[in-house]
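If you're matching positions, the sequence shown starts at 21 in this note's numbering and goes up one per residue.
Take the hints with a grain of salt, since some may be wrong.
[As the list claims (entries may be wrong)] Computed list of lysine to any residue pairs in SDA-like fashion (alpha-carbon distance at most 20 Å, straight line):
1) Lys539 <-> Asn485
2) Lys590 <-> Arg579
3) Lys142 <-> Asn160
[Unchecked claim] Restraint-style ranges between C-beta atoms, simulated for each label pair:
4) Met21 <-> Ser260: 26 to 34 Å
5) Asn70 <-> Asp248: 52 to 60 Å
6) Gln336 <-> Lys590: 50 to 58 Å
7) Asn464 <-> Asn243: 20 to 28 Å
8) Val112 <-> Ala338: 55 to 63 Å
9) Thr252 <-> Gln336: 15 to 23 Å
10) Ala338 <-> Glu406: 16 to 24 Å
11) Gly246 <-> Tyr113: 26 to 34 Å
Quick caveat, the hints were computed from the structure, so don't treat them as lab data.
The structure presented is a predicted model; accordingly, all values stated were derived computationally and were not measured.
Glycine included, every Cβ here is placed at the ideal spot set by N, Cα and C.
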Amino acid sequence: MNYAHSVQLTIQNDLISKLGKTSLVDALIELIWNALDADALNVRVVFEDNGLDSLNSIKIIDDGVGIHFSEAKNIFKNLGGSKKKNKLKSDVYGRFLHGKEGKGRLKAFSLGATVNWSITYKDESLDKLFTYKVAMHLNNPSDVKISDPVESDENLKSGVILEAYDVPKKIRKLNDSAKTKILETFAFYLYDYKNINLEIDGEKIDPKKIILAVTPFNLDFINYEGKDYSSTLRLTEWVSSKQTTSTYLSCNHGIPYLKLDMGWNYPNKKYTAYIESEAIIEMVNMHGLDFAPSNASVQKNLGLAKEIIKGHFRAQEAEKAATLVEQWKEENIYPYPSETTNIVEQVERQVFDIVASTVSHNIDKFEKTSKENRKFQFRLLKQALETNPNSLQTIINEVLNLKPEEQDDLAELLRDVSLSSIISASKVVTDRLKFINGLESIINSKDGKKNLKERTQLHRMLAENCWVFGEEFFISVDDQSLTECLKQHSKLLSKDVDILEAVEHPTKERGIVDLMLSKTTRNNKPNTAHHLIIELKRPRVKIGRDEISQIQDYADAIRLDSRFSKTKAKWTFIAISLDRDMKLDSRYIDLENGVIAEKDNYIILVKTWAEIFDECKAKLQFFQERLKYKAKAIDGVEHLQKHFPKYVEGATTTIQ
Numbered sequence: 021m022n023y024a025h026s027v028q029l030t031i032q033n034d035l036i037s038k039l040g041k042t043s044l045v046d047a048l049i050e051l052i053w054n055a056l057d058a059d060a061l062n063v064r065v066v067f068e069d070n071g072l073d074s075l076n077s078i079k080i081i082d083d084g085v086g087i088h089f090s091e092a093k094n095i096f097k098n099l100g101g102s103k104k105k106n107k108l109k110s111d112v113y114g115r116f117l118h119g120k121e122g123k124g125r126l127k128a129f130s131l132g133a134t135v136n137w138s139i140t141y142k143d144e145s146l147d148k149l150f151t152y153k154v155a156m157h158l159n160n161p162s163d164v165k166i167s168d169p170v171e172s173d174e175n176l177k178s179g180v181i182l183e184a185y186d187v188p189k190k191i192r193k194l195n196d197s198a199k200t201k202i203l204e205t206f207a208f209y210l211y212d213y214k215n216i217n218l219e220i221d222g223e224k225i226d227p228k229k230i231i232l233a234v235t236p237f238n239l240d241f242i243n244y245e246g247k248d249y250s251s252t253l254r255l256t257e258w259v260s261s262k263q264t265t266s267t268y269l270s271c272n273h274g275i276p277y278l279k280l281d282m283g284w285n286y287p288n289k290k291y292t293a294y295i296e297s298e299a300i301i302e303m304v305n306m307h308g309l310d311f312a313p314s315n316a317s318v319q320k321n322l323g324l325a326k327e328i329i330k331g332h333f334r335a336q337e338a339e340k341a342a343t344l345v346e347q348w349k350e351e352n353i354y355p356y357p358s359e360t361t362n363i364v365e366q367v368e369r370q371v372f373d374i375v376a377s378t379v380s381h382n383i384d385k386f387e388k389t390s391k392e393n394r395k396f397q398f399r400l401l402k403q404a405l406e407t408n409p410n411s412l413q414t415i416i417n418e419v420l421n422l423k424p425e426e427q428d429d430l431a432e433l434l435r436d437v438s439l440s441s442i443i444s445a446s447k448v449v450t451d452r453l454k455f456i457n458g459l460e461s462i463i464n465s466k467d468g469k470k471n472l473k474e475r476t477q478l479h480r481m482l483a484e485n486c487w488v489f490g491e492e493f494f495i496s497v498d499d500q501s502l503t504e505c506l507k508q509h510s511k512l513l514s515k516d517v518d519i520l521e522a523v524e525h526p527t528k529e530r531g532i533v534d535l536m537l538s539k540t541t542r543n544n545k546p547n548t549a550h551h552l553i554i555e556l557k558r559p560r561v562k563i564g565r566d567e568i569s570q571i572q573d574y575a576d577a578i579r580l581d582s583r584f585s586k587t588k589a590k591w592t593f594i595a596i597s598l599d600r601d602m603k604l605d606s607r608y609i610d611l612e613n614g615v616i617a618e619k620d621n622y623i624i625l626v627k628t629w630a631e632i633f634d635e636c637k638a639k640l641q642f643f644q645e646r647l648k649y650k651a652k653a654i655d656g657v658e659h660l661q662k663h664f665p666k667y668v669e670g671a672t673t674t675i676q
């Protein structure tokens, strides 16, 4: 061949050699993309065997638009000079483009040391086809030879034949792993562009044979450079278990730009998740492949995609479980009644169905065991869900006697089934409702008013349930001195305060606080604290002048000690009992809201237990309504008798 033109590739030879060391499968993928970006409808990869246990050549043949001769010199002499760089779609069919950097063609050196291109293009001004040749060799990769174009036979079509010779002896035809990677890469693209034919070594890539289902989900908008771009998750499930599980950031139609190692594995599920958006294209064009995952909107959508995929597969498992559940009901081994009473049981049942059906599907011996044995095992699973969802894994491992690999499968499933967390949270809500109703019943009962002790019973129950006064508060001082309050206050705010001298109480040698609850806030400023100083009174003691003086003395002790004022804090002092002394008037207290005194950083209050209980119930009402849980007084009392027997002794005998 007479090469009339010679151009010098403006790149260091060591970089060309580096590009030429791309793996065979990755090089083929890149070169196939080049053909598809050129609007090829047919792409064939051909391995020519020389009969001596090695390859004579590797060809990639396409019928795309080719490269006009007038552009050839510029394209082949400039690495990164891709004419696709500022385009989103191809010229003829409007397909979304994959290649942008112009480096793909140099990866042909991974196929062989000598690479020839035969390029046929149509000259629109002459309405004729022309063909020219391009030759490169790895020994002198900067020297690019280009022939003059010659008019082509009328029977030819435009396109490119890339042929690599001097194939390394280590290269053989594609193994199963390489074929799988090519299938994964192009299956979704071929699924969308159904008029494309791709053949690898005589075998047509048919997406219908390997794609089980494609399910689209809308994601949140991706914000980039002040503009919002729509975003979609397209979940592609594979037929074969040989396929790998992967996640890609891509543009539309499943053109993968960047593979992410997200670790989203689900038992017996093989899929590829495509996070699609034109924002991805813009980011890649401006910043390269590695920029997009750092975008906050992309990160948010990755988290959302994970939850969507988890829910999708959970729903699939639940659907499979439905058939088995009907069978178990007929056998009378299903541990739940026909009708559910509330949402907690519905959630428990859904988790049970998924786990039990997974055991049935994956463990042959399970369905072969006796009816009585399966019924017993199901009861154990149900009990674990009701009492402690986190113990379910232990029950499965130790009672069902699973093999290690079977344990791993179920452990993976249980980690992904966040419904168990909902069950745990629901149990917390119902337990709190029982606690409030039980304590309310006891405090208002005849025995409670007479026998419930302040320090050893009422105080101790509330110290273990300080959420009654606010979810965000934690106990910092429990039946200790005002000096201990100062220590904990300074410790909470990481401040050095002189503790050598005790905090002076106005009327006592040593003031003892029932409870101090604390919380901290930051809000982009130095830490600030909020403390609750709580003075508890037994039910039969009404809050009168003496009780008000007592809580005021605590407030004065803290207010007048300069060591407390060195750090920012808000203080709330509360005296609590069943009722107020009717002799109190507005000289002592704001009768409407219970405020005794209020300044910038502190407030002194009187509250009745009825007010405390109403506040708690209001916070829990939303959850109570959705759980459809009806709190009964006797259930609450029984809850306290079970969990706090020492603290309610003698205070519940008359409650029915």
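Could you check the structure against the hints above and give me the numbers of any it violates, in ascending order? 3, 4, 7, 8
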